[in-house]
Every structure is written in C-alpha cells, then in structure tokens.
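Colleague: In case you want the letters, here they are:
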Amino acid sequence: MRTYIFLLFTFLCIPIYSQDVLLEEEVLIDSSDLRFGPNGTYFYHSLIKFGFILGDTKHAIKYGKSSLISVGGRFKRKLNTWADVHLSIQYVNQAFHFNQDSLKLFPSLGVHEKEKLAYHQIQAELALRLNSAKRGNIIKTFLDIGFFGSYATQVNHLTLDKNLVSNAGFTETRNYDLSYVEPFSYGPLLRLGYKHFSIYGSYQMNSFFKKSYPISDLPKFALGIEWALF
Amino acid sequence: MKFLSLFIYSICLILAPLQAREKITYVYLKDKKNVSFNPESFFDAKAIQRRKKMNWPLYEYSDFPVSEIYLSQLTQQNIKIIGKSRWLNLVAIEASNEQLIWLTKQAFVDQIITADSTCLDICQSSESGYVLDPILIKEQISHLQGAHFNDKNLMGKGIRVAVFDVGYKGLKNHEAFKHLFQNQLIKKTFDFARKKQDVYDYGTHGTNVMSCISGVYQDKPLGLATESEFLLAITEFPKREPYAEEIFWLEAAEWADQHGADIINSSLGYTNTRYFPKDMNGQTSLVSQAARMATRRGILVINAAGNEGDGSWQKIGTPADVDSVLTVGGINPYTGYRISFSSEGPNMKGQKKPNVSAFGQAIVASEKAYESSFGTSFSAPLISGFAACVWGMDTSLKNMDVFNKIEQSAHLYPYFDYAHGYGVPQASFFNPKKSSARDTTFDIKETQGAWEIVLRHAYFDSSKTQKPFTGENAGDAMEVLQDHIQKEGRAYIYMHIEGIDGILREYKLIEAFETTAFRIPFYELERGETLRIHFKGFTYSKKL
Chain A
1 MRTYIFLLFT FLCIPIYSQD VLLEEEVLID SSDLRFGPNG TYFYHSLIKF GFILGDTKHA
61 IKYGKSSLIS VGGRFKRKLN TWADVHLSIQ YVNQAFHFNQ DSLKLFPSLG VHEKEKLAYH
121 QIQAELALRL NSAKRGNIIK TFLDIGFFGS YATQVNHLTL DKNLVSNAGF TETRNYDLSY
181 VEPFSYGPLL RLGYKHFSIY GSYQMNSFFK KSYPISDLPK FALGIEWALF
Chain B
1001 MKFLSLFIYS ICLILAPLQA REKITYVYLK DKKNVSFNPE SFFDAKAIQR RKKMNWPLYE
1061 YSDFPVSEIY LSQLTQQNIK IIGKSRWLNL VAIEASNEQL IWLTKQAFVD QIITADSTCL
1121 DICQSSESGY VLDPILIKEQ ISHLQGAHFN DKNLMGKGIR VAVFDVGYKG LKNHEAFKHL
1181 FQNQLIKKTF DFARKKQDVY DYGTHGTNVM SCISGVYQDK PLGLATESEF LLAITEFPKR
1241 EPYAEEIFWL EAAEWADQHG ADIINSSLGY TNTRYFPKDM NGQTSLVSQA ARMATRRGIL
1301 VINAAGNEGD GSWQKIGTPA DVDSVLTVGG INPYTGYRIS FSSEGPNMKG QKKPNVSAFG
1361 QAIVASEKAY ESSFGTSFSA PLISGFAACV WGMDTSLKNM DVFNKIEQSA HLYPYFDYAH
1421 GYGVPQASFF NPKKSSARDT TFDIKETQGA WEIVLRHAYF DSSKTQKPFT GENAGDAMEV
1481 LQDHIQKEGR AYIYMHIEGI DGILREYKLI EAFETTAFRI PFYELERGET LRIHFKGFTY
1541 SKKL
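Just so you know, the sequences run in chain order A and B. Just so you know, we're using the numbering used here here: the first sequence kicks off at 1 and counts up by one. Just so you know, we're using the numbering used here here: the second sequence kicks off at 1001 and counts up by one.
Just chain A, with the same shape it has in the complex (with noise of 0.2 Å):
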C-alpha cells in the first residue's frame, strides 16, 4: 500500500505540459536603456582585486605571503568621451604576516609558529577614469587616479602554536579589540588597466596604529590585480 501511495504521490509531482515556451523577448525592454554598458554612460559591475603588500617597516612581516583579497562592486558614470567617474565599494581582507624570531617586539614578543595581523575593512574608492575607448561600447586601455578611505570593522591579532605539553596538535590564538590599532585608513590609488584587467598601486597615507602607541608603522603600499566581472 505504501508502495502506491508513494507512486501516487511521485505521479502528481510530475509537472505535465501543454505548451512549452522555447522564445520569448520582451522588446521594449530590452532595448530602452541604450546608455547603459562598459563604455556608455551608466555602468556597474562587481570585481575582484588581490594584491601584496610592499614597502619598507621595522617589522618583520613576511613579503610575499602578507597581501589583500577584495570583492566588491563599481558604479560608473561618464563625464565625456575620454573621463569617466568610478565609485566602488568593497570588502577588503587585508593580512600582515610576520617571520617569527626571538628580537621581534610586535605584534607580540613570543616566538610562535605562525603570526599575522587580519584586517576586515569595509573600503571606498573614488576615482577618475582616463578611457581611450573613444567609440563602442567596451572599455579598452585606461587609467583611474583616485582615492580610498576604509574602515576596519575588525581587526584580529592571530598566533599559532605547537602544544609542547599536550599531543594536541596546535592552538590558535586570536586577540581582538586591539586599541593600539587605527580603523580609518586613507590614501591615493593608481589603475592602469585593459579591458577587464588592471593592475593596481595604493598607498596608505596615515599610519595604521594610533598615534598614543609609539609602535613603527607597517608597510604601506599595495601593489596587485583586478579583474572586472562583466
């Protein structure tokens, strides 16, 4: 009984067709908003930005491991036919790893297996765009000079240990509220792109630390690529 119950029940789930659509268009709508597009003078889209960390400090942080990952989304508006400009909002993950030897004095005096400091920022960026697509609607070599001001909504000071005493494996660590660390950051950005692509150079103008805490600032550039989604 169960069995016919079920393939009853199978039966009525099945949907049964009397028509199937195989075209449909709508055509007004497809082709009212002409202005919109890479090159037009509305446009959105979301990206994806990765980039190292470069620059000179006092810390040992690790080159090449520390960088940032980003995701986020652009709205564009045309000025003329060579200015366009780009207002972007984004997530930025930003991480400063260091090497680890007993003369180190910051994040932390102890020597650990790993240890790095995760920003999670939440970033603006306004910036003019240089475009020498004159006519079509992609978007071929340009340059955007522009500005950044971000927000760290969190930052996390993270180590990581063997377990001498225990066969426990590793202990993670993470401090967080740290007061010596200055949320606002701000400071200039270079674009040079084509097409989908960029490559990116920011600097951040203000120190990452609050003034009251006498630490050496971290390095300050960032050096990295975009890829545009559209």
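Think of the hints as simulated: they come from the structure by calculation, not from any bench. These figures come from a predicted structure and were not determined experimentally. Among the clues, some could well be false.
What the hints assert, rightly or not - What the simulated footprint calls covered on chain A by chain B, stretch by stretch (three residues with Cβ under 8 Å from a Cβ of chain B suffice, anywhere in the stretch; the number is not a length):
| no. | region |
| --- | --- |
| 1 | 19-26 |
| 2 | 37-43 |
Said to hold, decoys possible - Estimated spans, in silico, between C-beta atoms of each pair:
| no. | chain 1 | residue 1 | chain 2 | residue 2 | range |
| --- | --- | --- | --- | --- | --- |
| 3 | A | Leu126 | B | Met1054 | 54 to 62 Å |
| 4 | A | Glu24 | B | Pro1134 | 29 to 37 Å |
| 5 | A | Thr41 | B | Gly1311 | 19 to 27 Å |
| 6 | B | Glu1446 | A | Glu24 | 18 to 26 Å |
| 7 | B | Pro1414 | A | Leu126 | 49 to 57 Å |
| 8 | A | Trp82 | B | Trp1102 | 19 to 27 Å |
| 9 | B | Thr1284 | A | Leu126 | 27 to 35 Å |
| 10 | A | Ala60 | B | Lys1080 | 15 to 23 Å |
| 11 | A | Trp82 | B | Lys1278 | 13 to 21 Å |
| 12 | A | Glu24 | B | Lys1278 | 39 to 47 Å |
| 13 | B | Glu1098 | A | Glu24 | 15 to 23 Å |
Virtual Cβ for every residue (Gly too), placed ideally from N, Cα, C.
The hints should help you fit chain B onto chain A, whose structure is shown.
Modeller: Structure of chain B alone, referenced to chain A:
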C-alpha cells in the same frame, strides 16, 4: 623601490597592445575638381544594364572618381592614403596632428572625421570539426526547397554575385569549386586590404561562405547558385578589426558596382568594438552608408545578422542594420527555430530585422576538405544563392523587387518577429501553379476574458509532441538525426504583439502538446495594438 620598477614594467606590458594603433581619418572633399569620367569605358556592360533598369543616370556625379589633384596634394604632404570613395567623395588617411591641422586649412576639404582605430581580436564566428551529417547536407538545400529551382534548371545563371570576406584560402584548388574555374565564372578578384589581385589566401572564411552560395559536395550542391558569376573581394584583416575595414568594404562596393554585380554577399558585421547599440540605426556607420549607396544603384545587398545573440550585444550589427539590406538570421537545423547565437532585431529605428532566416549551421568547404560550421555567416550566402535563382527567373526585376519577393516567400510570412524575420524563404512560392491560399490551421475562441488558441486536428500530430531536443551540442548523432526527422511534425506556434508604432512589443515561440494550445488574456493587449499568431502557414491577425 623594487615594487615601483615592477609597477612601471607592468604598465609597459599593458600599453604594448596600443603600439598596434592606427589613427584613421575620413576626409570628405568639397568637390571633384577637373575630373573626367567616361561611364561607357569605366563600367562593365552588366553595370550599365543595371543602371538603365534602375533609371539611374550613367553620368551621376557621385560616380565620378575622386579628384587626382586633391589626392596628389595629400601625397605631397606625405599623408598616407588608406582608401578612397567616389560615392562619398571621401579619402581615408593616416595623418599626424600637424598634417590634420594642415588639412583643416585647405579649401577643398569639406569635413574631417577622426576614428579611433585600435586593433582588436575578432570574435570567432564559427566552430568546426563536427562529423558531416548527411541529412544536414541534404537539408542545406531542401530547407529552402531548392529542388524547385533545380527542376527548372535555375542555378543563378547570368547573375553576378560579389562576395566580401577575409580570404579565400584553398578555394582555387578545391573540388567544391572546380565548376567555377572550368566555366570561368570567377570574373574578378581584388584584395582591398593589401591592394592586390590575389585573394586565395589569408583565411578560409570566404571559402566557407562561397561554398554556401555555389559549392558542390560529391555532385550535390551546397549552395543554390552553382551557375552564377562571382567577384571575390577581401575587405577584412584576419584576427583584428581596424576601422580601415569599413573603407575597404566601401571601396569593394564601388568596385562591385563598377564590375556589374547584382548581389553583394557580406558575411561581416561590426558591433561593440566600434559602436554603441544606438548607432545600429542604418545610418551612422560608414559601412551602412556604403550599403545604402549600393542598394540605390540596384545591387541587392545581403548581410549576415551576426553571431551576438547569446552575447552581451545581442542585437544585429552594421551593415545588417540598413533597412534596404536583406539581413539574414540563423535557424538551428535540428530544431527549426532561431539558433541561439543569431543576432536579433530590430534596428534602433525599430525597422524589421532580420528580414529572413536560413540554416545557421552548414556543411562548408574548408581549405582542403569539408566541415560542419556554425554562424550566420553561412545563413547569408545560402540566401544569396536563393536570391540569384529568384533573380535568374526574371532579370527584369529590380533589386528591391527581389528583396520583397524573398520576404514574401518566407515560411512565416506575413508573420514576422525579430528572431526569425519572415522565416525561411521557400522556392515553391515562385511556382506559378502553387495556390497562394493558406489553409486555416487553428481557431481562436473567446472564453472568460481570454482568447483560446485551438489547433485543428488535421494539423496537429500528437505522436510528435515530445519535449524538444535543443540540438546545440549535437552530442549523440543518432538522437540528432531522429530528432531532425521529427522536427517537421512539431506544433510550433509563433505569436507577437505589435505596438501602435509598428514595433513589436513582445514575441514568443511556443511548442504545443495539446490542441488547446494556450490562452491569451485580453488585458495583455492594449488599444491599437495588433496580435498576430502563426501556425503552419496560417497567420491570424487581430487589431484591438
């Protein structure tokens, strides 16, 4: 500062593509100073005949050549001439800023327009490598009912077709075109990109296209115009899209006119690398102006709709956007309706595009063999072959007469939509014995606030109403073939709503699985709008 060096190096890498950049300038001249012109010696006899038929004067000012005096003044200034047009009295040049300033001061210059011309990769228009499907070979001709022409020995004889493409590699020695060389049907060739006569190199796209007009595979025609005469022109560079190509197209159109072409087949189009969608109005691009000039002189211009249907552009390109150009969309041979990549209309003036459709997948001659290829590039030449046969029946017809007759012969006519145009032209339309009356295949009933579409049993085969095979991947050959055979019995219902302005507001293609196919609520139609429904040759029209 190592990172700075790395950044600068990266910038140089990104800027590298710009080194291939040209700056093309169109210089429109005020007059044609000291120009002598003898149309009798300049034009081919067929061109003169066509002009007489069109009542187009032999001594038309726009046919006079560009003034040599002005050209020599440009060359004296070391200005590089890319091309010139007698129709538009225009010279396309590459010039420095100083030379452009000099030009602005010259009395003979009417207007200077500079076009940004960055070289870009061209989109691949076709894919190849599929097994040759014997049914596709047969259907390539039979979907146009080509046998009706063949039975009357109509193979485009006496009609001269100019083909504009990227190159004709392999065409000269290919068995598919042996008959053209044996019968000396290739009358002229010219490579406008390189300014020389040899065109049998640089790319096989032109060879593919030619096979859809007049190719032969194992004594079976791949195109309908196996007895037409041909003018072969190269107007494109492979793998890049400089603006100069539009000048080459214009020059080729003038050359085709001079040498008596009746039809121009252009499986080319220009879209987002140069234009915005709003420019697809049949007027803005240089190539659209060239196409209009050619049609005014009596040439039937047939252009592929484009392969942007499933891309971000979606719409037709240019010169397919010109109202007097016969724009050809692509049909999927295995489903019988629009192939997914075929670009859609209308043009930006709301004019009907594409005009008709043909297979968007075809068996074509490659450099040394045959292959199955995709693209509206092959839909257009199939219709060019068809047009040559229609025109061959009655050479007194003018180009727009042939244009209109081809539209009227299409299987959906008078129904129209922006995916299929009027549908696939049918050769049986030109059979004088065939009745023009179309049977009523369905009824419309008014019930409870809606129109109900009920198919007549005589035209509805319930045994062939399984869900359709998409056919795009063509993975299983047997499934494809079986599906192909069953396509004919399917209940495809076409429906559109036309606005007061004559532009379609909405269109649909529905496959019905029951005789009570579907309902359209009254509220879907506004006052003044027209509803049209097409099913198996019968079109119902209702204006509210």
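Colleague: So, for every hint listed, does it hold in this structure?
Modeller: Verification of the hints:
With 8 residues bearing a CB less than 8 Å from a CB of chain B, the region 19-26 of chain A meets the requirement of three and the coverage assertion stands. Here's how the region 37-43 of chain A fares: 3 of its residues keep a CB closer than 8 Å to some CB of chain B, so the rule of at least three is met and the hint holds. The beta-carbon spacing between A:Leu126 and B:Met1054, approximately 59 Å, falls within the hinted interval of 54 to 62 Å. Between A:Glu24 and B:Pro1134 the beta carbons are some 34 Å apart, a value that agrees with the proposed interval 29 to 37 Å.
The given range of 19 to 27 Å is respected by A:Thr41 and B:Gly1311, whose C-beta atoms sit roughly 21 Å from each other. B:Glu1446 and A:Glu24 have their C-beta atoms about 24 Å apart, which keeps the hinted 18 to 26 Å range intact. For B:Pro1414 and A:Leu126, the hinted distance range of 49 to 57 Å is satisfied, since their beta carbons lie about 55 Å from each other. At about 24 Å, the CB distance of A:Trp82 to B:Trp1102 agrees with the hint of 19 to 27 Å.
Between B:Thr1284 and A:Leu126 the beta carbon distance is about 34 Å. The supplied range of 27 to 35 Å therefore holds. Between A:Ala60 and B:Lys1080 the beta carbons are some 60 Å apart, a value that contradicts the proposed interval 15 to 23 Å. Under the hint 13 to 21 Å, the C-beta atoms of A:Trp82 and B:Lys1278, about 19 Å apart, fit the expected range. Look at A:Glu24 against B:Lys1278: about 24 Å separates their beta carbons, and that is not inside 39 to 47 Å.
Between B:Glu1098 and A:Glu24, the C-beta spacing of about 56 Å breaks the proposed range 15 to 23 Å.
Checked against the numbered hints above, the structure violates hints 10, 12, 13; every other hint is satisfied.
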